[in-house]
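K.L.:
What follows is the residue order along each chain.
2 protein chains.
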Amino acid sequence: MSAEVGAGALPTKGFAFELRAEDGHARRATFTTPRAVVETPTFMPVGTAATVKGLTPDEVEATGARMILANTYHLWLRPGAELIARRGGVTRFMGWEHALLTDSGGFQVFSLAGLRKVDDDGVTFRSHLDGAEKRLTPEESMRVQRLLGSTVAMVLDVCPPGGAARPEVEEAMRRTTAWAKRCLETEPAEGQARFGIVQGATYLDLRRAHLAELAPMAFDGLALGGFSVGEPVETMYELLDAMAHELPRQKPRYLMGVGTPYDLLKAIGAGVDLFDCVLPTRNARNGQALTWDGRVNLRQARHKEDDGPISEACGCPVCARFSRAYLRHLVKANELLGHRLVTQHNLSFYGELVAEARRQIEAGTYHSWAAEAAKRMREGDEVGRG
Amino acid sequence: MSAEVGAGALPTKGFAFELRAEDGHARRATFTTPRAVVETPTFMPVGTAATVKGLTPDEVEATGARMILANTYHLWLRPGAELIARRGGVTRFMGWEHALLTDSGGFQVFSLAGLRKVDDDGVTFRSHLDGAEKRLTPEESMRVQRLLGSTVAMVLDVCPPGGAARPEVEEAMRRTTAWAKRCLETEPAEGQARFGIVQGATYLDLRRAHLAELAPMAFDGLALGGFSVGEPVETMYELLDAMAHELPRQKPRYLMGVGTPYDLLKAIGAGVDLFDCVLPTRNARNGQALTWDGRVNLRQARHKEDDGPISEACGCPVCARFSRAYLRHLVKANELLGHRLVTQHNLSFYGELVAEARRQIEAGTYHSWAAEAAKRMREGDEVGRG
Numbered sequence: 010m011s012a013e014v015g016a017g018a019l020p021t022k023g024f025a026f027e028l029r030a031e032d033g034h035a036r037r038a039t040f041t042t043p044r045a046v047v048e049t050p051t052f053m054p055v056g057t058a059a060t061v062k063g064l065t066p067d068e069v070e071a072t073g074a075r076m077i078l079a080n081t082y083h084l085w086l087r088p089g090a091e092l093i094a095r096r097g098g099v100t101r102f103m104g105w106e107h108a109l110l111t112d113s114g115g116f117q118v119f120s121l122a123g124l125r126k127v128d129d130d131g132v133t134f135r136s137h138l139d140g141a142e143k144r145l146t147p148e149e150s151m152r153v154q155r156l157l158g159s160t161v162a163m164v165l166d167v168c169p170p171g172g173a174a175r176p177e178v179e180e181a182m183r184r185t186t187a188w189a190k191r192c193l194e195t196e197p198a199e200g201q202a203r204f205g206i207v208q209g210a211t212y213l214d215l216r217r218a219h220l221a222e223l224a225p226m227a228f229d230g231l232a233l234g235g236f237s238v239g240e241p242v243e244t245m246y247e248l249l250d251a252m253a254h255e256l257p258r259q260k261p262r263y264l265m266g267v268g269t270p271y272d273l274l275k276a277i278g279a280g281v282d283l284f285d286c287v288l289p290t291r292n293a294r295n296g297q298a299l300t301w302d303g304r305v306n307l308r309q310a311r312h313k314e315d316d317g318p319i320s321e322a323c324g325c326p327v328c329a330r331f332s333r334a335y336l337r338h339l340v341k342a343n344e345l346l347g348h349r350l351v352t353q354h355n356l357s358f359y360g361e362l363v364a365e366a367r368r369q370i371e372a373g374t375y376h377s378w379a380a381e382a383a384k385r386m387r388e389g390d391e392v393g394r395g
Numbered sequence: 010m011s012a013e014v015g016a017g018a019l020p021t022k023g024f025a026f027e028l029r030a031e032d033g034h035a036r037r038a039t040f041t042t043p044r045a046v047v048e049t050p051t052f053m054p055v056g057t058a059a060t061v062k063g064l065t066p067d068e069v070e071a072t073g074a075r076m077i078l079a080n081t082y083h084l085w086l087r088p089g090a091e092l093i094a095r096r097g098g099v100t101r102f103m104g105w106e107h108a109l110l111t112d113s114g115g116f117q118v119f120s121l122a123g124l125r126k127v128d129d130d131g132v133t134f135r136s137h138l139d140g141a142e143k144r145l146t147p148e149e150s151m152r153v154q155r156l157l158g159s160t161v162a163m164v165l166d167v168c169p170p171g172g173a174a175r176p177e178v179e180e181a182m183r184r185t186t187a188w189a190k191r192c193l194e195t196e197p198a199e200g201q202a203r204f205g206i207v208q209g210a211t212y213l214d215l216r217r218a219h220l221a222e223l224a225p226m227a228f229d230g231l232a233l234g235g236f237s238v239g240e241p242v243e244t245m246y247e248l249l250d251a252m253a254h255e256l257p258r259q260k261p262r263y264l265m266g267v268g269t270p271y272d273l274l275k276a277i278g279a280g281v282d283l284f285d286c287v288l289p290t291r292n293a294r295n296g297q298a299l300t301w302d303g304r305v306n307l308r309q310a311r312h313k314e315d316d317g318p319i320s321e322a323c324g325c326p327v328c329a330r331f332s333r334a335y336l337r338h339l340v341k342a343n344e345l346l347g348h349r350l351v352t353q354h355n356l357s358f359y360g361e362l363v364a365e366a367r368r369q370i371e372a373g374t375y376h377s378w379a380a381e382a383a384k385r386m387r388e389g390d391e392v393g394r395g
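So the protein sequences, as listed, match chains A and B. The numbering of the first sequence is my numbering, which starts it at 10 and goes up by one. The numbering of the second sequence is my numbering, which starts it at 10 and goes up by one.
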């Protein structure tokens, strides 16, 4: 792996990160990859099992997304990484023509698998599908992600639970750093970048210490892991404000598994470039639609006879065609089309949110705009369950 | 309701049925309705709760369908017929721009509801959703269908279970005839035709006797009810061959709730024009795809590494983009996109099947073609569960 010469080049050939504008800590940049030019800040829809719930790749593309996320753990267990490699990788398998980021598999091992045991070399666990004993090491994670053929591979990390005590967090950091080195020693797939992950839970000094260990390494980007794992949201915001901008300026910064529209507005302001979260897709299946005027809970009785769209301001195909009354009926009847359409709307909204954030950063008006947008959302939020 | 003068006019204003070609008992016709011109023979996708499982109206239209079916029972209970009427009827509610047929609600009362009690006036039952006691009479069924605003309303009938003894079947016929008269005495919605239903189970003489009662009535079409309710398929074929062509020649003939591709080929040959069935949508959700080469069971291991489409010969958007290997993965992982895509393929195939049947009737080659098509399907059928 040779470092390219030139402004914005990243350690891996074919990757570059060009800062276009800055507004306080907020950044507008272009993340060039061999498979897609990704304008940041951006949101990556979650396609856990090589499918963004209910949507075709064309529909995902139409939301503005140019990079999606797939879960290594899920694809490794089913249908299997070798099978996907023989199909030409995840993107070809599912028909997605742009960039793909895969996580390391570690997060799901910690959250889904039974009977796991972590040691310095890796983690042993039982598959949540069939109970089979499996072993995940930094090398195995990179091997699997190589087979999946992702554009960006994440290093295997240890993510301590929210509220973990310092010694546990320090051990997780120590292992994560050691594993990061081992990951970088493996051979990536052709055209595959690698991102490191900064841990440290809610301890600012530990976050900084861990960042200091990872920043000099030859990663193409750095992620903040271990957020949104149970800590108060205000704690996350304080930490992001304090240190997100301390991540290397010339590389993409990725906040893993976050978050709500509020979280995105906050984190973009703190200097984050990339996001992924199951919220817009998972909440859609419960009838929660997201808009500039806050959350719309389609299960609420107030939408029963509402012939208007989810959002008058929204330009998505769902708001152009379907009423709240109809969508509410579909959601209440647990109809597939309801899950699909609200997912499509929500991802379109996230696409609009990051596109507008990019415009506001370019105009130098990001921070006042973001505060105003968050206020408007909060005022309109439907929080009840209807 | 005044009968229009002119070739092909049906009793209800705005409806006509023009025979274009006949090939033995098989007929190629045009069923004109105020909302759509329906070329027959045709298949009506089932949109139980005002949605064809997982598909948008545009996608349903692209399969060639110009008339779909919705279930009165389901919509009556949820979200309610009055609510739908205030939205402009089912078609406007769901965004379907073509014709809609609603059943009477009777079939679901008999198959889904608990504690039902039939008397000469109607049927009392408990909702399968909340246990509430409800009453369905011929007048109430027509009132609900008027509110739903369907293009074709079905009269309330009594459908005896498969294998019922003669006395039970005779009582069902007697009530169905009495109810048919009462249905015709109600006022339909503007632009709404009404079809009668011929019962008689597997007794050819009873079928003929019931047809003789209904044929003179002012219906716009006649249906054959009480098929595919447990009787051997060969028995249904024999009865259709014997008497489907005895239904009025100048009105559409509709075989309710049937069937497989084989059933359609058989029944079209016997003179049937309209079909509906949950098979292509329901089986899709189990991974069963239908093709000219028979059923493809995507759960079978043989498709694991198959990069080809469901059918090389198919022109549908699913076969253009997605491999059997990918679809199998989606089906095995119970992913929404799998249900959606196989449904879209299956309805496209049904659309192709009836379009080709129409061409073959026009060419006078229907019967040899249908025998050949059925043979080819039977040879390719994957019947195992994989």
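Think of the hints as simulated: they come from the structure by calculation, not from any bench. Don't take each hint at face value.
You can't tell identical chains apart in this list, so a pair holds if it fits in one copy or across any two.
Keeping only pairs whose Cα atoms sit at most 25 Å apart, straight-line, the calculated DSS-like set for lysine-lysine is [unchecked claim]:
hint	residue 1	residue 2
1	Lys384	Lys190
2	Lys126	Lys313
3	Lys384	Lys341
4	Lys143	Lys341
5	Lys190	Lys313
6	Lys126	Lys384
7	Lys313	Lys22
8	Lys22	Lys341
9	Lys143	Lys313
10	Lys143	Lys384
11	Lys341	Lys190
12	Lys22	Lys126
13	Lys22	Lys384
Just so you know, these numbers come straight off a predicted model, no measurement behind them.
K.L.:
A separate judgement is required for each hint: does it hold in the structure or not?
P.N.:
Quick rundown of the hints versus the structure:
{"no.": "1", "hint": "Lys384 x Lys190", "in the structure": "neither (43 Å within a copy, 62 Å between copies)"}
{"no.": "2", "hint": "Lys126 x Lys313", "in the structure": "neither (50 Å within a copy, 32 Å between copies)"}
{"no.": "3", "hint": "Lys384 x Lys341", "in the structure": "neither (30 Å within a copy, 43 Å between copies)"}
{"no.": "4", "hint": "Lys143 x Lys341", "in the structure": "between (39 Å within a copy, 21 Å between copies)"}
{"no.": "5", "hint": "Lys190 x Lys313", "in the structure": "neither (56 Å within a copy, 36 Å between copies)"}
{"no.": "6", "hint": "Lys126 x Lys384", "in the structure": "neither (44 Å within a copy, 57 Å between copies)"}
{"no.": "7", "hint": "Lys313 x Lys22", "in the structure": "neither (54 Å within a copy, 34 Å between copies)"}
{"no.": "8", "hint": "Lys22 x Lys341", "in the structure": "neither (50 Å within a copy, 37 Å between copies)"}
{"no.": "9", "hint": "Lys143 x Lys313", "in the structure": "between (49 Å within a copy, 22 Å between copies)"}
{"no.": "10", "hint": "Lys143 x Lys384", "in the structure": "neither (47 Å within a copy, 48 Å between copies)"}
{"no.": "11", "hint": "Lys341 x Lys190", "in the structure": "neither (50 Å within a copy, 37 Å between copies)"}
{"no.": "12", "hint": "Lys22 x Lys126", "in the structure": "neither (36 Å within a copy, 75 Å between copies)"}
{"no.": "13", "hint": "Lys22 x Lys384", "in the structure": "neither (42 Å within a copy, 57 Å between copies)"}
The structure fails to meet hints 1, 2, 3, 5, 6, 7, 8, 10, 11, 12, 13 from the earlier list, while all remaining hints are met.
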